[in-house]
Amino acid sequence: MIEIRFHGRGGQGAVTAAALLAKAAGYDNKFSQGFPAFGVERRGAPVKAFTRISDDIITIRSQIYKPDYLIILDPSLSGLDEVKEGLKPDTVIIVNGEIDASGFEQKIYSYDATSLALKVLGKDIVNTAMLGMFAKATGLVSLESIQKAIGDIFGGKAGELNMELVKRVYDETGSNEAKEANDKETEG
Amino acid sequence: MEKKEKKGKNVVEVAQAVAEAVKLCEPGVIPVYPITPQTHVSETLAKMEADGDLSGEMIRVESEQSAISACIGAQATGVRAYTATSSQGLALMHEILFIVSGMRLPVVMTVVNRSLSAPLSIWNDQQDSISQRDTGWIQLHVEDGQEAFDTQVQAFKIAQETRLPVMVCLDGFVLSHVYEPVEFLTREQVKKFVPDYKPEVSLNPTKPVSMGTLGTPEYYIQFRKQLQDAIKQSRETITKVNREFASAFGRSYGNGLIETINLKGKKHALISIGSVAGTARKLIEKENIGLIKIKSLRPFPADDIAKACEDLESVGVIEKDISLGGNGAIYDEVKAALYKLEKRPKVSGFIAGIGGRDINLNDMEAVLKKIKSGKEGTEWVM
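Listed in order, the protein sequences are those of chains S and V. First residue of the first sequence? That's 1 in the working numbering, and the numbers climb one at a time after it. First residue of the second sequence? That's 1001 in the working numbering, and the numbers climb one at a time after it.
Worth flagging that the hints you see were computed from the coordinates, not collected in a lab. A portion of the hints provided could be inaccurate.
[As the list claims (entries may be wrong)] Computed footprint of chain V on chain S, listed as stretches where at least three residues anywhere in the stretch have a Cβ under 8 Å from a Cβ of chain V:
| id | segment |
| --- | --- |
| 1 | 12 to 23 |
| 2 | 81 to 94 |
| 3 | 124 to 137 |
[What the hints assert, rightly or not] Taking beta-carbon pairs under 8 Å as the criterion, some of the chain S residues facing chain V (in silico):
| id | residue |
| --- | --- |
| 4 | Asp28 |
| 5 | Asn29 |
| 6 | Tyr65 |
Treat the numbers as computed from the prediction; the structure is a model and nothing was measured. Just so it is clear, CB atoms sit at the ideal spot from N, CA and C, and this is done for glycine as well.
Whole structure, please, built from the sequences with the hints as guidance.
Here's what the structure looks like:
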């Protein structure tokens, strides 16, 4: 089972991203779970959401404390204790924009999704873009399934634009170049 | 795990799956008042109505007390009535819940479980529905999204066959707000499984009747006894519907009242209700312990629980409620159920997950180890 934890700010769509990823994994015929850290939503406040993906049925109902993947929608959150909590040496971090990597021993994939989102959507909403990065970096979910899930949740023009954004992020982020960024310390 | 065909899984939010099941059962009237975390059920139904997918009519009422009262009026005219609520909303319905069951109206309600104020908490525990256990409603609790969908469909059938109202309870957020795979049934499948609702008596201006009238001391106690007999007997209908569902769609949940998992040959077992069973499933094999999942809180399956426990040395009840000044409500009922056994297992109680406190694997592991130690009494997991 793969456990993914999202960190964003209220209004950035981290909760939707967790749901989209669960839906996409379902389209890839995997078992999945996507859910928020249930709170009282406030715009701008730190938000957590979770996705589990597995080849077997998932029954566990607790939150995710030791994520295999960490997806950070807003780099300014990266210093928070709750973001660093439970990271394993082999946790893979996927972040929008640059973060101070000195605080982390883990492999980090970073990409300026905000700039591309502004170009494609006209808004700085990066939740779907992050899924494009995740798909490319990990190969755990297919681009087609993410696009299909986006089509389910966003209707019309928003759906089309987000599908385009995901595709462009997927094409423009290489799993290779990201690997090169910290090749020295990677082992798994 | 066998490979499924390539078409993929239907991953939906569990609250939306519940709304889909309700839609397929075609209630004629759906009066609701919004309250977190039930809201995703009624929002989805409202969207279905706006899209023209809902055969019934929603009523925007001014309170939960009105919602359940409108259900009485609607159901009495001879259509299915459905509502959904949580927490304070259910508490506000309390007075009317007795009237629904007393009038033998098979209203169906989803309770998305949430704690009660004060202090204000929107998060999950099961204090709301467990506090309503004396109101004469059948009360079914579910573990996951698929069971929520399936039980919601079964509830309409159980209700109309027993002429008793049914509450389907699912943990708020922890289950209701989770996206996970749920297989839907089609409208045709559900239509065949849940026959048309044709009550023997209904309100009709051309043939007037009175319902829910005065019960003088000569009669009132007989009504109460009949209601108790009806709920006791409803276990037969619940188990029958569970079997029928299994033969129609290939899914069943224990005998419909309780489900035992990994219990054979075990000396110890965890007894749970609702979604927490899922977290336990991961650990019971490792700890060599069995699991008894209570699905039906009312009728309370005391005989089934006693039978499941007759060879055990110890059992522990984990529950998300507290009967203040007493114990966990289910702990006390389990103990009473076991009293008739000649060799009774030790019983421990665990009050956990109150007000949305996450029950993680470490908590669950500690609970299982304590059950195995055979120590009695109640502990709080916090």
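Output the indices of the hints that this structure fails to meet, ascending. 2 and 3
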